[in-house]
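Number of protein chains: 2
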Amino acid sequence: MKSTKNIYSDTANLDRRKFLTSVTKAVGTSVILTFPRLSFAGKFWPKNYALTVQQVIAIILKEIPGAPFATTVDQLRTGTMDQMVTGIVTTTFPTLEVIEQTAKVGANFIIAHETPFYNNQDETDWLEKDEVYQYKIALLKKHNIAIWRFHDYWHAHKPDGILMGTLSTLGWEKYYNPENPRLLTLPNPVAVKAIVALTKEKLGISTVRLVGDLKQNCTRIYMALGYMDSKRQIAAIEEFKPDLFISGETREWETVERVRDGRRMGQKTSLLVLSHAVSEEAGMQYAVKWLQPKVPGIKITHIPAKNPFTFV
Amino acid sequence: MKSTKNIYSDTANLDRRKFLTSVTKAVGTSVILTFPRLSFAGKFWPKNYALTVQQVIAIILKEIPGAPFATTVDQLRTGTMDQMVTGIVTTTFPTLEVIEQTAKVGANFIIAHETPFYNNQDETDWLEKDEVYQYKIALLKKHNIAIWRFHDYWHAHKPDGILMGTLSTLGWEKYYNPENPRLLTLPNPVAVKAIVALTKEKLGISTVRLVGDLKQNCTRIYMALGYMDSKRQIAAIEEFKPDLFISGETREWETVERVRDGRRMGQKTSLLVLSHAVSEEAGMQYAVKWLQPKVPGIKITHIPAKNPFTFV
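For the record, the sequence lines run as chains A and B.
If you want our numbering, it's the 1-based position in the first sequence plus 137.
If you want our numbering, it's the 1-based position in the second sequence plus 137.
Just so you know, the hints here were simulated from the structure itself, not pulled from any lab data.
Be aware that one or more of the hints could be misleading.
Identical copies look the same in the list; a pair holds intra-copy or inter-copy alike.
The calculated SDA-like cross-link candidates involving lysine to any residue, where the alpha carbons are at most 20 angstroms apart (straight line), are [stated by the list, open to error]: (1) Lys-266 <-> Glu-375; (2) Lys-266 <-> Ser-367; (3) Lys-279 <-> Pro-430; (4) Lys-337 <-> Val-449; (5) Lys-368 <-> Trp-263; (6) Lys-405 <-> Arg-319; (7) Lys-279 <-> Gly-403; (8) Lys-368 <-> Asn-257; (9) Lys-368 <-> Ile-274; (10) Lys-378 <-> Tyr-272; (11) Lys-199 <-> Ala-187; (12) Lys-311 <-> Glu-268; (13) Lys-241 <-> Phe-448; (14) Lys-443 <-> Asp-350; (15) Lys-295 <-> Lys-311; (16) Lys-378 <-> Asp-366; (17) Lys-337 <-> Phe-448; (18) Lys-339 <-> Lys-426; (19) Lys-405 <-> Leu-233; (20) Lys-405 <-> Gln-271; (21) Lys-378 <-> Leu-320; (22) Lys-337 <-> Leu-347; (23) Lys-330 <-> Phe-448; (24) Lys-241 <-> Gln-422; (25) Lys-443 <-> Met-402; (26) Lys-330 <-> His-294; (27) Lys-266 <-> Glu-376; (28) Lys-278 <-> Gly-403; (29) Lys-378 <-> Leu-233; (30) Lys-352 <-> Lys-431.
Please construct the entire structure, taking both the sequences and the accompanying hints into account.
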């Protein structure tokens, strides 16, 4: 048997998995623990038996209505489906720093909400000569880290995992309305200023951007965490006329200008821009709480990507 | 003859223009001033004769290499080509507030760098039921204001009008290199902190966003004012490896994450995000200086769109 350090190379994983699977079929799980050469698997076994990336993904997809989807960005982007999972990390953006920390905590499977490759479709052809891309791929290979996007499925979960994680963090889960999940109605008006303070404190954001009035009162709040297409954002503003539209990442020359003009015309909707990564991190932290009981033998750690910006 | 207030309605414009044109052809400009019913035109005439929107655009296009372009967003978006210009306003974004101020200064032609309709292609089908769009169109009609995009042509001017206006405002025009206009090389290293302070002061920006290190020294600066496609931004960062990449509007999950990863890997490029409108306003202010001598009888006013954001 190879050392623990090297056992997770592709071939070793495959051999080990095949071996465990066949032994299980042959003799049943209760016997395995007495089999001396398999003692390294004891911490996962029998309740917490070792899982491959594919098995973890299958466990997740069982919880998602309509999964698997014919078209989705939620694909395995690095690593292999066969590889044995030594630990899971959840994050919004699998940045180089998150990858380094993943290796440090001994995990080899990053469940990332967003793209590792600087484009939502995770296309890599255009990046092949990019030194940062090359470095990132090499680092992922060195640590044998698999990255799977958990974007479309997590949003498709009932309730939307990103939204519910955020609402819980803000203490707003009681305002969740399954009929219209993105639109919250507060029982009493709250000033934009207080909502800004709440999001900054609970989501750990140093500075946010506002198109609007800090003194304005809000009862109707539309949640558009992460990125949402501007045409859809503008349609939602027109349809629901929220007092406050909370966005992760948005487009200045699209939604931002529409909100600015709307306010000039007399419409009340203010726009609060949190920044992409920090707007969805609570949702990926919540993924730990949600997934851990389903894979009890695998340690799941949330490593936040953090806000890339300094505001000066 | 109709009153000055109403003379610029579509029909009146057309009649007046045709009338002036035919009179000019018949008798020559020098005679016109003595023609009593045309005395209202005296202030434009003969050197500064009244111009239609189309004539102003033609004067501009004469200065642009390769114009007219087969495909460009620089189209007339409201008003008519035939309308007589009472005054010109330049701006980045023709916001409702800019339109109101345009009417106040008695101008009826906005030369705008960016979209009035919240999308770069200026498509309006999707907005037909949007109340803000309807209000904006009604306001433009009420004041009979023409909007023409001056985006692609202004960037295609030699030198790029937005870039040169900004460089002049920053005192950096001496670093302009026609061989590689976007890349500036400073003679001595300057700290990011000092460049941030300079852009904030000279461009009138309250807060900027930085991915990088305020203490880092810069000599190579890449200018990507306004919006630039992320793949092009990332390719430029990879090709030129600037110390500082100055952007107007950018994409968080694309360029921003690439810069963040690059810095983690050891690359030096910092990213300074100014915000879209304020990053190009100096270029539209410069358009006044550039265009005024070409249409000496028409008053040109720069009305800044200003930054839509409050940073909290």
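Right, here's what the structure says about each hint:
1. With identical chains, the CA atoms of Lys-266 and Glu-375 are at most 20 angstroms apart between copies only, with a shortest distance of 9 angstroms across copies and 44 angstroms within one.
2. Only between protomers do Lys-266 and Ser-367 lie at most 20 angstroms apart by alpha-carbon distance; the minimum there is 16 angstroms, versus 32 angstroms within a single protomer.
3. Neither within a single protomer nor between protomers do Lys-279 and Pro-430 lie at most 20 angstroms apart by alpha-carbon distance, with minima of 30 angstroms and 63 angstroms respectively.
4. Taking identical chains as interchangeable, the C-alpha atoms of Lys-337 and Val-449 lie at most 20 angstroms apart whether they share a chain (17 angstroms) or sit on different chains (9 angstroms).
5. When the C-alpha separation of Lys-368 and Trp-263 is checked against a cutoff of 20 angstroms, the pair qualifies only between copies, where the shortest distance is 8 angstroms, while the shortest distance within a copy is 27 angstroms.
6. In this assembly of identical chains, the alpha carbons of Lys-405 and Arg-319 lie at most 20 angstroms apart only when taken from the same copy (18 angstroms versus 40 angstroms across copies).
7. Taking identical chains as interchangeable, the C-alpha atoms of Lys-279 and Gly-403 lie at most 20 angstroms apart only when they sit on different chains, with a minimum of 18 angstroms there against 57 angstroms within one chain.
8. For the homomeric pair Lys-368 and Asn-257, the shortest alpha-carbon distances inside one copy (18 angstroms) and between copies (12 angstroms) are both at most 20 angstroms.
9. Proximity of Lys-368 to Ile-274 under the C-alpha cut-off of 20 angstroms is restricted to the inter-copy arrangement: shortest distance 18 angstroms between copies versus 34 angstroms within a copy.
10. For the identical chains of this complex, Lys-378 and Tyr-272 are inter-copy neighbours only, at 16 angstroms across copies versus 46 angstroms inside a copy, given an alpha-carbon limit of 20 angstroms.
11. When the C-alpha separation of Lys-199 and Ala-187 is checked against a cutoff of 20 angstroms, the pair qualifies only within one copy, where the shortest distance is 18 angstroms, while the shortest distance between copies is 72 angstroms.
12. Taking identical chains as interchangeable, the C-alpha atoms of Lys-311 and Glu-268 are never at most 20 angstroms apart, the minima being 47 angstroms within one chain and 32 angstroms between chains.
13. Proximity of Lys-241 to Phe-448 under the C-alpha cut-off of 20 angstroms is found in neither arrangement, the shortest distances being 30 angstroms within a copy and 36 angstroms between copies.
14. Proximity of Lys-443 to Asp-350 under the C-alpha cut-off of 20 angstroms is restricted to the inter-copy arrangement: shortest distance 16 angstroms between copies versus 27 angstroms within a copy.
15. Taking identical chains as interchangeable, the C-alpha atoms of Lys-295 and Lys-311 lie at most 20 angstroms apart only when both belong to the same chain, with a minimum of 15 angstroms there against 59 angstroms between chains.
16. In this assembly of identical chains, Lys-378 and Asp-366 lie within 20 angstroms of each other by CA distance solely inside one copy; the values are 17 angstroms within and 31 angstroms between copies.
17. For the homomeric pair Lys-337 and Phe-448, the shortest alpha-carbon distances inside one copy (14 angstroms) and between copies (12 angstroms) are both at most 20 angstroms.
18. For a Cα distance limit of 20 angstroms, the shortest separation of Lys-339 from Lys-426 inside one copy, 17 angstroms, qualifies, whereas the shortest one across copies, 49 angstroms, does not.
19. In this assembly of identical chains, Lys-405 and Leu-233 lie within 20 angstroms of each other by CA distance solely across copies; the values are 15 angstroms between and 41 angstroms within a copy.
20. In this assembly of identical chains, the alpha carbons of Lys-405 and Gln-271 lie at most 20 angstroms apart only when taken from different copies (17 angstroms versus 47 angstroms within one copy).
21. Proximity of Lys-378 to Leu-320 under the C-alpha cut-off of 20 angstroms is restricted to the intra-copy arrangement: shortest distance 10 angstroms within a copy versus 44 angstroms between copies.
22. Proximity of Lys-337 to Leu-347 under the C-alpha cut-off of 20 angstroms is found in both arrangements, the shortest distances being 13 angstroms within a copy and 19 angstroms between copies.
23. In this homomeric assembly, Lys-330 and Phe-448 come within 20 angstroms of each other (Cα to Cα) both inside a single copy, at 19 angstroms, and across copies, at 12 angstroms.
24. Taking CA atoms no more than 20 angstroms apart as the test, Lys-241 paired with Gln-422 passes inside one copy only; the shortest distance there is 19 angstroms, against 52 angstroms between copies.
25. In this homomeric assembly, Lys-443 and Met-402 come within 20 angstroms of each other (Cα to Cα) only across copies, at 17 angstroms, whereas the closest approach inside a single copy is 36 angstroms.
26. Proximity of Lys-330 to His-294 under the C-alpha cut-off of 20 angstroms is found in neither arrangement, the shortest distances being 31 angstroms within a copy and 44 angstroms between copies.
27. For the homomeric pair Lys-266 and Glu-376, the shortest alpha-carbon distance between copies (10 angstroms) is at most 20 angstroms, but the shortest distance inside one copy (45 angstroms) is not.
28. Taking the shortest alpha-carbon separations for Lys-278 and Gly-403, only the inter-copy value of 19 angstroms comes in at or below 20 angstroms, while the best intra-copy value is 55 angstroms.
29. Proximity of Lys-378 and Leu-233 under a CA criterion of 20 angstroms is satisfied inter-copy only: 19 angstroms between copies versus 40 angstroms inside one chain copy.
30. Taking the closest pair of Cα atoms, Lys-352 and Lys-431 never come within 20 angstroms of each other, the shortest separation being 45 angstroms inside a single copy and 47 angstroms across copies.
Checked against the numbered hints listed earlier, the structure breaks hints 3, 12, 13, 26, 30; every other hint is satisfied.
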